[in-house]
Amino acid sequence: MGLAMPELVRMEGIDKHFPGVHALKSVSFDLRAGEVHALMGENGAGKSTLMKCLSGVYQPDGGRILIDGAEVSLPSPKAAQDLGIGIIHQELALMADLNVAQNIWIGREPRLTFGRIDERRQNADAAAIFQGMNVAMDPRAPVSSLTIARQQMVEIAKALSYRSRVLIMDEPTAALNDSEIAELFTIIRKLRAEGVGIIYISHKMDEIKRISDRVTVMRDGAYVGTVEAAETPISRIISMMVGRELSDETVTVPDLSAAETALEVRHLSRGRELKDISFALKKGEVLGFAGLMGAGRTELARAIFGAEPPDHGEIIVHGQHVTIRTPSDAVAAGIGYLSEDRKHYGLALGMDVRANIALASMERYTDRLGRIDEPRLRDIARDYIASLKIRTPHDRQEVRLLSGGNQQKVVIAKWLLRDCDILIFDEPTRGIDVGAKAEIYRLLGDLAAEGKAIIVISSELPEILRLSHRIAVMCEGRLTGILPGGAGQEEIMALATEREGMTVQ
Amino acid sequence: MSVTEDKLAERRALRGAAQQKLLAFASLIVLVIGFSLASPNFFQVSNIMAILQAASVNGVLAVGVTLIIITGGIDLSIGTLMTFCAVMTGVVLTWLGMPLILGVVASIATGALCGLISGTFVAKMKIPPFIATLGMMLILKGLSLIVTGTKPIYFNDTPGFTLISQGSLIGAIFPAFPVPNGVLILFLVAGVTAWILSRTVLGRYTFALGSNEEAVRLSGVNTDAWKMAIYALAGGIVGIAGLLIASRLNSAQPALGLGYELEAIAAVVIGGTSLSGGRGTILGTLIGALIMSVLTNGLRVLSVAPEWQTVVTGAIIIIAVYADQLRRRAAS
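So the protein sequences, as listed, match chains F and C. 646 is the number of the first residue of the first sequence in the working numbering; add one for each residue after it. 2 is the number of the first residue of the second sequence in the working numbering; add one for each residue after it.
FYI, nobody ran anything at the bench for these hints, they're computed from the structure. Given the structure is predicted, the values throughout are model-derived calculations rather than measurements. Beta carbons are placed, not taken as given, at the ideal position from N, Cα and C, and that holds for glycine. Among the hints, erroneous ones may be present.
Unchecked claim - Selected chain C positions facing chain F (in silico; Cβ < 10 Å):
| id | residue |
| --- | --- |
| 1 | PHE26 |
| 2 | ILE197 |
| 3 | LEU203 |
| 4 | TYR206 |
| 5 | SER212 |
| 6 | ARG218 |
| 7 | LEU219 |
| 8 | GLY221 |
| 9 | VAL222 |
| 10 | GLY279 |
Working from the sequences, and respecting the hints, build out all of it.
Given below as structure tokens:
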């Protein structure tokens, strides 16, 4: 390990300009054979741009790239592939209706006469790659039948099929659960032992510590530094990323004994996903929902919100029984849902900030003819842009051009404008960088202090502990317990893994 | 950021949409100039009026289907629906002998009702728009033939019916500009629809549905009801096209209609509206319909055989969409 291994990649003084943006400012980076080199930085720090320069998608304006010590030019992704540089994108790019082997060899199918494809050889070659990875996979399985984690393994196999010696992984664990992450790490370690150099982009600190050898941090398009992962505390890496030390704030649980109950859920059930769930939420309270992937937390949120209505159960809002069969029923009752997948379920990406903020309240700002009161909406949008500190050049900016944190704020503004006083946040900081995370946390605290009732679903325990006044834990569709804020991680994990029929002391 | 900078940035954001229309408009001007140079018969008031008149039916249909295409849907039934509306007008006016105004109401109401039915298939029954409206296309074609017994219904007993399209209200006031009523109606329909799209909730939801339907639903908007309303509005506009064509032919021709939907969709596409939804303008569609009409007329003035006119129209569609792709790529 380390210095003895030959250098695979060296990038020196890489410069890249886009109209109006200096995206990369003389950035340097190197990768050795047989190491996992983490590349970190907030969104917009330039990690992806740098990797696109290395994978031939962008051509740098200045600087040079050396592979095995020789200077190369990478005019196209194909050129990078030929030099053994493979990239696995965050959003998987597989053809769901083709099978595993067909996906791996797409464009390079072994041919027989008359243009027929040699499916047998294709399957055998794919099987050989998976064997090398120590993964059991049927090359003939349709990709649509695989979990996200298994699809990712197909992507890795595909990258390896190009005889890649450099593997770039962009947030590979974003959609994986703990056991899947462990499996992925086993594969990464095996590849590392075989001398593959891996560039690992992630926001998750614990993973960086677990898997990487060195860490390079970027900020605002510039190189900040490279450190040995094992010897560097997480707080040091974070401060390199944000340019300041983040204080480890903890939650102060307010006295809510006199507070009115905002939402009560009784015996909510749906199919096998939700089993007899009851809880109450007070005004001004932040109730965290912890649990493993597939515990049913998102399903619970969607049931309360009417996106997929429950089979049984009662929902009581401010003391009144309500019937919620559709999202519009929920919104009418003052419940807003902020999905974990903002791009698909929260925003109309091609529309501007103003229209997105108004999306849930449009009918309130129209006259009898259905005319929209645009000047009024403009003023409202500008007020929210100021009060929530949404960073956008103006209220007519398309939301797809905003960063994740600012998109999240637009969704929050949408529900605030609709007077929703019960807000369900599903993974509120997924895909949001460290600095913006702290801002979203502060905003959630402020909303609770104003008397909003808040549910936070998160797979990151530190986030749950940082935010929640009480912590509800789910496992396999059941609510296994509600703990006071500041509960220990061990207690939460015990409840999160409590199987049916078992009891926790 | 100062106020002026703010305004500038805002204007930059809006410029993309304007460029799209500009491109189509420039093509229209180039065509008109080209044909005028090629033939002295082209740029005559009578010929220009003929071009506009020819664009009116296709233009109105295209305006209607633009709404549906912006939601991310498609409507293949507009051609045969137009005919069915004309037939229902014939039933009300010629067979039942009711007054003219009821014939107008019958056509628009028939269109709106059939649009509502298509909308129900799409929104409530979750049938893909292509399939739902393909079914409606065949159903309506059959119904037109059944109701009429396959024979045309003539409007000889309804005085003034032909004036709906052929008369000229503007010509009566300004004799120098004998703009046919059909053209006036096209511009009115386009103007009102453009206003609905840009200024009203219905319009905003039309774009929002095409941009991200699930996000709109999860915002508490009753997306099914709005979608049905949009299909119904589009149907009502098709009803107006039904009146125009019946008035122009002084008859409801039950066998007509098939093929009109594709011409209308072609106009929408030439006008720069995206078939994937979320983007589009009525002005673009209007220009698209005019380009098609200018092309047909111009090639006829130049004595190009009609079979070649179709080939050229097809090529124009491909060139128009390719030009739009190039513009988008340059913009990003």
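- request: Please write out, lowest number first, the hints stated earlier that are contradicted by the structure.
  value: 1
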